[in-house]
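Chains L and R are the protein sequences, given in the same order.
Final position of the first sequence in my numbering is 573; the numbers increase by one with none missing.
Final position of the second sequence in my numbering is 714; the numbers increase by one with none missing.
Treat the hints as calculated values from the structure; they're not laboratory data.
Since the model is a prediction, treat every value here as computed from it, not as a measurement.
Mixed in with the good hints, there may be bad ones.
As the list claims (entries may be wrong) - Once the Cα atoms are required to be at most 27 Å apart in a straight line, the calculated BS3-like pairs of lysine-lysine come out as: (1) K662(R) / K422(L); (2) K599(R) / K649(R); (3) K160(L) / K345(L); (4) K599(R) / K710(R); (5) K160(L) / K552(L); (6) K662(R) / K160(L).
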Amino acid sequence: MRRRVVSQSVKSHSLLFLLLLMFMVVVSRAGTLRPSPAHAAGPRALAGRVIDSQDEPVRGAEVAAYLNDVEEPTVVGESQPDGVFVLDLPDSPIDSLRVEIARPHFETMKWMAEDDDLDHLRQGNTLRLPDITLQRRLTLGFWIATLTFVGILVLIALEKLHSTMAALLGAAVVLGTSFVGGAIRHDLFIFDFERALEYVDFDVIFLVLGMMIVVGIIEETGIFQWLAYQAYRLSRGRAWLLVIILIILTSVTSALLDNVITMLLMAPITIEIALAVGINPLSLLMPEVLASNVGGISTLIGTPTNILIGSYADLSFSDFLVNLTPGVLLAQAALTVYVLIIYRKEYRLVDEGLPPALLERLRENARITKPDMLRKAGLIFIVMLVFFVGGEAIHLVPAVTALVGAVLMLVWVSPDIEEMLKVVDWTTLMFFIALFMVVGAIQEVGLISFIAAGIKAVVGENLSVAMLMVIWSGALMSGVVDNIPFTAAMLPVIGFLTRTLPGASNLTLFYSLAVGSAMGGNSTLIGSSPNLVTAGIAERAGYPITYREFLKIGFPAMIITVAIGTLWLFIRF
Amino acid sequence: MGKILCATRGGEASYRTQDAAIALAKGRDDELLFLFVVDTYFLNKTARAVRPDVVAEEMSHMGEFLLAMAQERAQKQGVAAEYVIRRGKLRDELKAAAREEGVVLVVLGQPAGTGGAFVPADLEAFAAEIEAETGVKARII
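This is chain L alone, in the form it adopts within the complex (with noise of 0.2 Å):
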């Protein structure tokens, strides 16, 4: 009975969620559906744009006119997101006009009509304002945005909260400072949480919930298993020949499924081979995980971060395979030849004394465990991948294709709400929601601004000198801190360098960020959640993997791979 009443708790918990989700995609495309008064221009009006000190359009500017020196404005408007903004002036004498240009975040800024101006005006024609350049200003709620955003990069690094705590504490707090702080002092305000939800990025959750969907489904079959234990037979107890199938398998799962799962089904089965070949299980998991980061960058669903960059730079899949993989598997031989040298000493202890009833064990814990439903789950992500890949041509986004896919495994391989419940984790989808927000509050405050004007300003107009800051601090960075919102916040930075670097219209540095926040996480155990989740195995294998002991064997693997990811970024573009 208690088991029930927890089930219907928990559908109807699930279903509260996705009405929410609903009501957010709603409320954010609310906004846009919106008419816009820029194409609202009848006689007399007052036209304009409002733009940043980086020449970047201002959207939600308020600006007000002030006809013959009133105290009140006469007509108020909004910027729109092209930072254009059209006034109706009303049919009555004009003896001067004020025009006022106010923003969260920004300086007020006015501007006084000349008499030229005012007879444009009286004759019923329509007045284009110059340019209005806002200046940025910091506020308290500048502060309040940047210090949520670093501690939320704490807190995760020092593992004091999950990261959906951090993030979703993050959104609190920015959203509470906004409503609350902003109701005492104006200066706490950062946006309002219409704003908010429009910086949430649907496309990114709903391809994140597909992609979810169908590898919950596939993980439960024992292919990972099967494909490890396929290794070991092929390798004939060479564990030379055993590591280099193990990181070419890894590579690819990675790069097609998602690389915690894949460590997370791989380490356990890897332990064993290991085990049976008489080897240290942590000389085939490093190799592993190292191989796991790397891969999961040769495609748009291979990495989180990944689909951070395709989504907003609106790159394909097949984007991703022609400017990334190349390099991707130049890396991955590089890294193969990294470990056979590195454990050298390791693979030449080989030792296959293991019983045969181990060894039958071992081949039980390697068997496809549901090879019906892999039947049907492969035979419907081949055809996703086929979707993936040339969805293009009918403009089908990843999203609708890993949705869809999602939804046809749900039916055709396990029908059952119970089954969806399983699979779906609410968690990871509130991470990027709150994420989302999160790093929308660092950019309405002008954080992401300051940054990218930063960096502008040491790369200056070479665009090579970009890359290289781009991919290296990238990659050092996310040794340190999270890589998904590290990515997720330096994303509009890449947009503002893509729009203003000469040569950067073909959108390297978007590549050159996802080779540095993917490959950096090779650099450290905290780097990644690959590396986090095989330690967590190890460990409970009884062959802990240390801080130390990961960073002598990862960083140098991850400066070998970033080195080969940027010499293939500056080939290919």
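Starting from the structure of chain L, add chain R where the hints point.
For chain R alone, kept in the frame of chain L given last:
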């Protein structure tokens, strides 16, 4: 002939504890019961979608494999050994196993190097806690 409970993670770091437990069981002419606890709390470290049920299943398989190896080591020394896999937190499951498996003694391994399940200062207190809560004698080896 009694039963000795030995919690082990199975890997190289646990060999010293396993060997000591095997020697103790042999000396007392007791049976050994190896315990592996599947603990998936480390999954909290990632904000990525994972299925704890599937991961726990895989870790159970790994635990069975590791304990089968420990069992093999004991049998080579002429000591009868069985094993049990439980899911949860190590401390709670160790005490639960001590209560439920009818053991006469619980052995706890001294930490060997870094990354052990227990820290030395904690070990004696935990042994006393086991004795107080389960009525089964606990010994540090």
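Cross-check of the supplied hints:
About 22 Å separates the Cα atoms of K662(R) and K422(L), which keeps this hinted pair within 27 Å; it holds. For the given pair, K599(R) sits about 11 Å from K649(R) by alpha-carbon distance, which is consistent with the 27 Å threshold. Using a Cα cut-off of 27 Å, the hinted pair K160(L) and K345(L) is violated, with the two alpha carbons roughly 38 Å apart. For the proposed pair K599(R) and K710(R), the alpha carbon gap of about 18 Å is at most 27 Å, so the pair holds.
For a cut-off of 27 Å, the pair hint linking K160(L) to K552(L) stands: about 25 Å separates their Cα positions. For the given pair, K662(R) sits about 19 Å from K160(L) by alpha-carbon distance, which is consistent with the 27 Å threshold.
When each numbered hint is compared with the structure, a violation occurs for hint 3 only.
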